[in-house]
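Number of protein chains: 2
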Amino acid sequence: MIMSGRDKIEEPEHLAACLLHFKEMNLDGLVVVGGDDSNTNAAVLAEYLSAQGSKTRIIGVPKTIDGDMKNGQIEASFGFDTAAKTYSELIGNICRDAQSAVKYWHFIRLMGRAASHVALECALQTQPNICLVSEEIQAKGTTLDEIVDGIVDVIVRRAEDGKNYGILLVPEGLPEFISDIKTLIEELSAILGREEKYIMSLGNHAERFQYVSGLLTPASSRVYSSLPVDIQEVLLQRDKHGNVPLSQVETERLLIDLVSDKIRLLKAHGKAKKVKFSPLGHFFGYEGRCAYPSNFDADYCYSLGYAAAVLIRAALTGYTVNVQHLIESSDEWTAGGTPVTMMLNMEMRKGRLTPVIKKALVDLEGAPFRYFAAHRDEWAISDAYLFPGPIQYYGPTAVCDAPTKTLALEKGAGKCCRGK
Amino acid sequence: MIMSGRDKIEEPEHLAACLLHFKEMNLDGLVVVGGDDSNTNAAVLAEYLSAQGSKTRIIGVPKTIDGDMKNGQIEASFGFDTAAKTYSELIGNICRDAQSAVKYWHFIRLMGRAASHVALECALQTQPNICLVSEEIQAKGTTLDEIVDGIVDVIVRRAEDGKNYGILLVPEGLPEFISDIKTLIEELSAILGREEKYIMSLGNHAERFQYVSGLLTPASSRVYSSLPVDIQEVLLQRDKHGNVPLSQVETERLLIDLVSDKIRLLKAHGKAKKVKFSPLGHFFGYEGRCAYPSNFDADYCYSLGYAAAVLIRAALTGYTVNVQHLIESSDEWTAGGTPVTMMLNMEMRKGRLTPVIKKALVDLEGAPFRYFAAHRDEWAISDAYLFPGPIQYYGPTAVCDAPTKTLALEKGAGKCCRGK
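Protein chains in written order, with this note's numbering: chain A, -18 to 401; chain B, -18 to 401.
Just so you know, the hints here were simulated from the structure itself, not pulled from any lab data. Note that the Cβ used here is the ideal one computed from N, Cα and C, for glycine as well. Fair warning: there could be bad hints in the mix.
Chain A is faced by these chain B residues, among others (derived, beta-carbon under 8 Å) [what the hints assert, rightly or not]:
#1 Arg77
#2 Ser170
#3 Arg270
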C-alpha cells in the first residue's frame, strides 16, 4: 500500500485524525518516505502517537533526488543516484555533441532545489567546462555581474584556443545564493508588501518597472534593470506563501542573455574577436525523477524497506532508517535506525520556532567540492569531458553498481574519480 | 581517418579539387557517411571521378537520426535507433512522473527535421496521450486552430476523467506542415521580398505588426495575430538562404500558449470546469545525437563499414551500402550496394533542377502510422504509457537488441508492439 502526497501533518486536528484512522486500521506501523520535512513530520507524529498510547510505530526513510538529506548518520537519500546518473548520461551526450558540432555553448540547468549536490555530482561525472556551485557563490558573496564575467572569461579563453563551444552546468537554486539578487529580492518583497496593489494596477511592465526602480536602492535598481524583461516580471510575482516563484526563473536563459550582452560589449570595444557565441539552453529535471532505479538505488531501497519493517517489529518509533557503508558491496552494508530527534534543529518557519531536519548544502570543505575545485581550471579549457552513458543493469559491477562520485569521495574512495 | 563537415561538393571547382587531392593521396576509396544530400553528393562525385579516369571509388552509407533516408533498398539510416531510444527513455520517465505527480501536462518537442519519424517511433515506444504527425496534418489540411482544438478536447476529456496531466509529442518540423501557417509564411515572404528594408526600419514590434498585418489576407492576418509576440518576430526573420528560421520556433511553447488561451476562453463561458492546466515544455534533440550507439546501431554500423570496404575492393563506385533483413538477428543480415542513381529524383533546388535522393516522410498508409492511428484514441484517455528505460548493452536479447518499432512494423513483425 503505497500512496503519495504533499500534505503536512502539523496541526492538532491532523494528528488526531491520524490517531483515529490508525486505530480503525489496527495499524502496527507506518513508513514515511521523504526528505527533511517528511522525516520531521514522522518524528512529530511518532511522539504524539506514543503520548496517546497508540501502538502504531512511525519510521522514516530518506528519499529525495536533491541529495540534501544526509548527515553523520544518513549517508545518502535514495533517488539521488538515479537522477544524477540520468542527467549525467544526457550531459555526457551533449558534451560529445558539442565536441563534434564545435559550434554551440550548452547552458544546462539542473533540478535539485536549493542545494547544488545534483549539479556537483553531474560535474564530477562529466567534467564540464563550467559548473556553478551556489554554496560557493554565497560564501564568496559573488555578484551576478561577477558570475557573468567569470563565464565570459572561460568563453573567451576557449575561443582563443579555437573552441567556440562548451558546457556549463547551473543548479536551479542559484538565484537565491547570489548576493545582489538576494538583496534585490528582499527590497522588492518589502516594496510589494507595502504597495503590491498599486504596482499591479499599473497598465504595463514599463510603468511597473519605472515605478519599482525608483524605490529600489541604486545598486539594486542597476541589477534589476540589467535583467531580461520576463525575469523582471517574475520577480514582481509572489506565490501563495509570499515567496518569489524562483523556480520560474529560467536561470540558463538569464545567463545566456547576460553573457551575450557582455560579449557584444567586448566586441564593440574590439575585444573577444575570436568569440562566436551560439548558446543553447536546457533544463533537466522531470526526466530524472521517475527513471527506473539504478542498481544502487534498488539495492538501497530494498535495504531501507527491510530495515524499516525490522524497526517496526522491534517496536521502535520516531526513527529514520540508516544504511551505512554504502560505498562497499551491498553485502557489507549495515542497517539501523537514527532517532529523528537527534537530527533536529530549531528554525523559524512561518514565524514560529519549529523543529526541522537541517537541509544539507554542499560542504565547501568536503571532498566532492574540493576535488571539483582542484580540477575545474583544467576542465574549463581542455576538453576533459567524460561520457557516462545510460544506466546499466546487467553488466560488470564497475559499470552497473558504482555509487555516486559524491558518496565515493565523501567516504574516502576518491580514487573512483578518473582523470581525463 | 574520420572527419566531419557540412560542406557540399557541388561546383566544378569542388570536384576538381577532390580529383587533385585524391590523386595526391593515392586514394583507393572514400566512404561518405550521411543522409540524402551526402549520398547524392557521393553519386555526383563518383560519376565525375569515373569520367576523369580516377581510381578513387565513392561509397555512401545512410546516416541520420531523422530516419528520413530509407526506401525499397535502404531499410534504415543509422543513428535513428539510438536517438529514438534515448528520447523514449526520457519520455517514458516523464510519463511516469506525470502519472505520479498528477498535475502537469508535458508538451515535448522532438528533433527530426521535416519528417515525423522520430516522434512517431517515440509514440510507438511510449504510448503518450497525444502525438502530432506532421504528414497527416498536411494531408488533411488541418489548421493551427483545429490542432489546438484537438489538443484541448483531449485535455478536457482527461480532466473529466480526473486526469489533469498528460503527455504530448510534437515533431520539430510541424509548423511548415500546417496549412494556414504555410500560407502565412508564403505571404510574409512575399511581403518581405518587396518591403523588408522598410519593415525592419520600423521602430518596434507593434509598428511592424500593424504594418505587416495590413498587407496580409484577412485569414493570414487572423492567424498571425493569434501567435505569441516572440513567434511573430521570428516569422519576420529570414536566414541567409531566405528561409524563415523555423527551428527557432519553439512549437511546444506556441502550443502551450494557444491551448492556455483556449482553455481560458472555455472557462469564461462556464465550460471545461474540471480542467486545471499546468503545462511544462521540453525539447529533446542534442542529447540523442551523440549517445553511445545502441547494440543495433553498433552492429549495423559495423556491417555498413565492412560492406563499404568490400564494395570499394570490388571497384564499385557511386553506390550506397544497403544492409537488409534488419529485424532478424544480425547473423541473418545481408549486405549489398544500391546505385545511388536508382534513388534519385529531380527536384528544384536554388532555382535549378537537381538530382536528389527524396527524403522519406512518414507514409500514412504504412504500418507504423496505421498502428499508431488504430491505438491513439485509447492512448489519449487511458494511461497506456510504456516505460522503455535506458538503452541496455549487456542483458537479454529482447531488452538489448530489438530494432525500432517502426522497422519491426514496416517489415511485418508487428507483434513486437505490446499493448497496455
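May I ask you to test the interface hint for Ser170 of chain B with respect to chain A, counting a Cβ-Cβ separation under 8 Å as satisfied?
-> violated (25 Å)
Taking the least C-beta to C-beta distance, is Arg77 of chain B closer than 8 Å to chain A?
-> For Arg77 of chain B, the interface hint holds, since the closest Cβ of chain A sits about 4 Å away, which is under 8 Å.
Interface restraint verdict for Arg270 of chain B against chain A (beta-carbon cut-off 8 Å) | holds (5 Å)
Figure legend: structure checked against the earlier numbered hints; the only hint not met is number 2.
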